[in-house]
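Engineer: Chains A and B, in that order, are what the protein sequence lines are. The numbering used here puts the first residue of the first sequence at 1, with every later residue one more than the last. The numbering used here puts the first residue of the second sequence at 1, with every later residue one more than the last.
Don't take each hint at face value.
[To be verified] Derived list of chain B stretches under chain A, where covered just means 3 residues or more per stretch with a C-beta under 8 angstroms from a C-beta of chain A:
(1) 26 to 32
(2) 112 to 125
(3) 229 to 243
[Unchecked claim] Just the calculated beta-carbon pair ranges, DEER-fashion:
(4) A:G115 - B:G232: 24 to 30 angstroms
(5) B:G139 - A:I10: 39 to 45 angstroms
(6) B:N134 - A:T59: 49 to 55 angstroms
(7) A:G101 - B:H78: 38 to 44 angstroms
(8) A:G101 - B:L20: 28 to 34 angstroms
(9) B:V11 - A:K278: 25 to 31 angstroms
(10) B:G232 - A:G60: 45 to 51 angstroms
(11) B:L87 - A:L111: 52 to 58 angstroms
(12) A:G101 - B:T111: 40 to 46 angstroms
(13) B:T111 - A:P260: 34 to 40 angstroms
(14) B:L146 - A:L111: 29 to 35 angstroms
(15) B:N157 - A:K278: 40 to 46 angstroms
[As the list claims (entries may be wrong)] Only part of the chain A face toward chain B is listed, based on derived beta-carbon distances under 10 angstroms:
(16) R35
(17) I36
(18) P92
(19) V225
(20) M235
(21) G255
(22) R256
(23) L258
(24) A263
(25) M271
(26) P279
Derived by calculation from the structure, the hints in this document are not laboratory data. Virtual Cβ for every residue (Gly too), placed ideally from N, Cα, C.
Residues per chain, in single letters:
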Amino acid sequence: MDANFWIIQIFNGVSYGALLFLVGSGLSLIFGVMRIVNLAHGSYFILGGYIAISVIATTGSWVLSVPVAALAVAILGLLMERVFLRPLGFDPLRQVLLTVGFSFIFQQAALDIWGGNNMDIAPPAVLKNSILVGGVYLPAYRIFMIALAAAIGLVLWLFLEKTRIGAAVRATVDDAQMARGIGIDTNRISMFIFALGASLAAIGGVIGGAFLGIYPGLDFEVLPVAFAVVIIGGMGSLGGAAIGALLVGIADDFGRALFPELAYFSLYAPMVVMLAVKPTGLFGRD
Amino acid sequence: MTRAINILTLVVLLAVFAVLVPYTGSFGILLSTRILVFAILAMSLDILLGYTGLASMGHAAYLGIGAYLAAILASKYHFGLDWTFWLVVVFGTLLGAAAAAFFGLFAIRATGVYFIMITLALSQCVWGLAYRWNSLTGGDNGINILRRPSVGIQLSNNVTFFYLVLAFFAASLLILYVLVRSPFGRSLKGIREREVRMGILGYNVWLHKYIAFVIAGGFGGLAGVLWAHTNGIVTPADVTIPTSVDAPHGPWVAIPVTWARRRSGPASCPAPRCRPGCTRRAL
């Protein structure tokens with residue numbers, strides 16, 4: 001275990017964290033704005049991946065597959081929110097059972113449409129190389145992932161902090177009733193945020209599909225990790241999602257490398273402790 | 001009077017079920033056995049979900065703990081394949097309850113959405129151990145149990161095993177039925193309806209929830225032991241989120257639960273809602 005080992009592990013952890021940020025930030029925003037525990041979020045991830053596979057198979061363009069998958073899943077999320085979740089009210093148990101029911105339907109639909117084989121999303125050739133950085137070969141694709149997550153995070157941050165709609169979103173997260181009282185259309189905000197969160201997860205699916213693969217059951221593997229990110233960072237906070245994603249990514253990577261038998265335990269045990277001690281997460285607000 | 005009729009109908013239905021199942025072929029018999037095991041799990045979850053109003057998303061953990069206990073003892077130590085099977089049933093129940101007693105220390109602190117999340121995280125901890133602790137759990141391959149126990153009678157016969165599971169189901173149903181009709185069960189319902197008021201009336205709300213949590217875990221562990229011997233294999237898939245969700249979702253399972261609970265469930269009697277951000281003032 002020389003210095004290179006640690007550099008590569010940290011790099012891997014950060015790049016995995018970048019992927020988790022894409023999934024977790026959407027989940028976090030949805031929870032923050034609507035107080036909905038969306039158990040179908042893993043399905044958005046996997047559906048994004050599958051749709052990208054279909055787009056690549058028909059058009060051959062990886063670049064095109066990202067926006068198409070994001071848009072398709074955003075529409076799906078929008079329909080779910082409008083038709084089912086919105087009329088349901090605020091009972092967490094009903095929301096949980098409804099969204100998990102949807103995730104089962106999506107899982108079966110994906111199995112029927114794309115089959116049960118492990119599929120791969122091939123990124124463009126440019127991203128398949130390795131780049132020599134400071135004596136260590138780093139895969140270009142993972143560097144790209146980090147850059148993309150950072151860019152999306154920056155755009156989201158600018159949107160939330162600097163625009164009028166962003167301010168309305170933050171107001172809704174803090175106190176939905178009060179926000180309604182001063183004339184913010186929280187109904188529209190939640191619709192918009194749900195679609196945004198779904199499309200972020202779909203982008204995560206396209207990006208992550210290249211090194212995780214896309215296979216049935218991946219949705220329920222991604223989902224708890226995404227929740228770990230959101231719980232540790234704090235629900236409804238973008239910065240929290242970023243820190244949470246980094247922590248979970250690095251913890252997961254080191255867990256696998258150093259004590260593989262306890263790898264997942266070392267990921268979920270901090271989540272339990274965090275929930276018991278400070279349920280709002282590191283950066284969440286009450 | 002209606003209660004007597006209800007109980008009588010349930011007994012008659014179970015008796016008809018018990019008589020008919022052996023004629024449904026090997027698939028039908030195995031399916032019925034699985035339904036009954038899941039019914040035990042669902043009833044134990046109902047103590048939390050239906051009576052106490054605690055939405056646990058991690059009930060698969062206790063099924064997994066019971067199942068892995070039975071599988072590990074059987075495959076590594078050849079324990080529990082003769083009369084010691086009864087000991088394994090007791091150990092599985094106790095271990096499920098013990099796990100719940102430990103998990104409850106963390107989980108009962110949380111409420112609402114956070115309770116859902118923390119039970120989910122706890123069951124993911126169990127899943128993580130099952131999936132990765134290869135030397136103990138066999139990792140993704142799981143553990144095969146080569147044969148069912150023979151406890152004087154041969155349980156390898158599917159029909160015999162079905163009747164054993166039916167007996168466990170009936171016993172669990174009876175115990176839980178008595179439990180929910182006891183003063184303790186009544187106070188659980190009170191907590192579901194108005195937690196704050198129960199606290200003001202002098203009930204130790206935390207302790208009631210905790211005991212309900214432990215009892216539910218114990219029956220979950222029992223279901224796990226039976227689940228392991230029903231299938232002959234235990235894998236990490238038994239401990240995943242879909243299993244936790246199947247517990248309240250399974251339509252078959254809902255039948256005995258609904259019967260036992262009659263009209264008092266959350267569907268007909270929704271708990272008072274509290275919008276996010278507001279304090280529950282109404283007592």
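Engineer: Using Cβ atoms only, decide whether A:R256 comes closer than 10 angstroms to chain B, and label the hint accordingly.
Structural biologist: 9 angstroms, holds
Engineer: When the nearest CB of chain B is found for A:P279, is that gap smaller than 10 angstroms?
Structural biologist: Cβ of A:P279 sits 4 angstroms from chain B, so the hint holds.
Engineer: Would you say the C-beta atoms of A:G101 and B:H78 sit inside 38 to 44 angstroms of each other?
Structural biologist: Cβ of A:G101 to Cβ of B:H78: about 42 angstroms, so the range 38 to 44 angstroms holds.
Engineer: So, as I understand it, the hint says A:M271 touches chain B; can you test that by seeing if any CB pair is closer than 10 angstroms?
Structural biologist: 4 angstroms, holds
Engineer: Residue count check for the region 229 to 243 of chain B against chain A: does it reach three with CB-CB under 8 angstroms?
Structural biologist: holds (count 3)
Engineer: Lying within 49 to 55 angstroms: is that true of the beta-carbon distance B:N134 to A:T59?
Structural biologist: 43 angstroms, violated
Engineer: Hint check: is the beta carbon of A:L258 less than 10 angstroms from a beta carbon of chain B?
Structural biologist: 13 angstroms, violated
Engineer: Quick check: does the Cβ-Cβ distance between B:L87 and A:L111 fall within 52 to 58 angstroms?
Structural biologist: With Cβ atoms ~41 angstroms apart, the hint is violated.
Engineer: Mind checking the CB of A:R35 against every CB in chain B and telling me if the closest is under 10 angstroms?
Structural biologist: Check passed: Cβ of A:R35 comes within 5 angstroms of chain B, closer than 10 angstroms.
Engineer: Could you see if the CB distance from B:N157 to A:K278 stays within 40 to 46 angstroms?
Structural biologist: 54 angstroms, violated
Engineer: Do the numbers back the hint for A:V225, that is, is its least Cβ distance to chain B under 10 angstroms?
Structural biologist: 9 angstroms, holds
Engineer: Using the nearest Cβ pair, does A:M235 come within less than 10 angstroms of chain B?
Structural biologist: 8 angstroms, holds
When held up to the earlier numbered hints, the structure conflicts with 1, 5, 6, 9, 11, 12, 15 and 23 and fits the remainder.
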